[in-house]
Amino acid sequence: MPYFDSPRGRLHYRRWPVERPAVSLVLLPGTGQHSGHYHRLADALGPTGIELWALDTAGQGLSEGDPAAPGTIAELAADARGLLDEVAGATATAPVLMGHSLGAVTALSVAADHDGLAALVLCGTPRHATEFTPAPGLPVLAVHGVDDRRAPIDAVRLWTARHGSVDLREYTDAGHDLLHEPVQQRVAAEIAEWVLAAVR
1 MPYFDSPRGR LHYRRWPVER PAVSLVLLPG TGQHSGHYHR LADALGPTGI ELWALDTAGQ
61 GLSEGDPAAP GTIAELAADA RGLLDEVAGA TATAPVLMGH SLGAVTALSV AADHDGLAAL
121 VLCGTPRHAT EFTPAPGLPV LAVHGVDDRR APIDAVRLWT ARHGSVDLRE YTDAGHDLLH
181 EPVQQRVAAE IAEWVLAAVR
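Residue numbering for the sequence shown follows the numbering used here, starting at 1 and increasing by one per position.
Quick caveat, the hints were computed from the structure, so don't treat them as lab data. Cβ atoms here follow ideal geometry from the backbone N, Cα and C, with glycine treated the same way. Just to be clear, a hint being listed does not mean it is correct.
[Unchecked claim] For each label pair, taking beta carbons as the anchor points, the in silico distance ranges come out as:
(1) Arg200 x Ala68: 39 to 47 Å
(2) Thr91 x Ala112: 16 to 24 Å
(3) Ala68 x Arg186: 17 to 25 Å
With the hints as extra help, turn the sequences into a complete structure.
Shown next as structure tokens:
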């Protein structure tokens with residue numbers, strides 16, 4: 001099983017290999033989730049040529065750490081950069097970074113000072129993530145459930161309206177965890193289509 005060392009211990013990740021991938025999508029899960037929750041997403045992306053990598057956040061899945069204390073955004077961002085280093089060592093193209101919920105906050109933090117990304121995908125983005133500004137010229141997709149009670153959509157609508165590089169996709173009758181709700185097939189298909197267009 002693949003691991004890498006971080007200042008907070010050994011962190012586990014999963015990679016779903018694709019023959020001759022067009023791009024790698026690096027996923028940072030939300031609170032209480034881990035890479036094992038994303039086999040279905042990997043199955044949807046793989047046939048399109050997108051190779052999924054996903055991190056077990058510290059304390060989740062097979063990673064070392066305290067499940068009750070995922071860490072500061074700075075610590076989570078450092079862990080994400082560690083996984084991006086693993087991806088860079090194994091692939092030849094710039095990856096797309098994706099985050100769900102707390103992972104979206106982390107992804108925005110990483111993208112603010114990381115020039116090796118092809119694009120950014122945000123899912124269920126919390127309001128406090130909108131304090132971050134996307135790097136100039138970086139394509140950003142935000143997918144969000146209209147009925148999201150954990151991270152209400154209004155803040156994301158205002159944020160995306162201020163940033164021309166952000167494409168917001170809204171899903172009616174959907175909540176916070178789009179990739180595990182009835183709309184998940186549609187969401188995965190639209191993510192794949194957008195990612196492939198962004199990296200062409």
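Hint check for Ala68 and Arg200 - Cβ pair distance inside 39 to 47 Å: 43 Å, holds
Taking the CB of Thr91 and the CB of Ala112, does the distance hold inside 16 to 24 Å? 22 Å, holds
Go ahead and decide if the range 17 to 25 Å is satisfied by the Cβ distance of Ala68 to Arg186. 34 Å, violated
Hint compliance for this structure: hint 3 is the single one not met.
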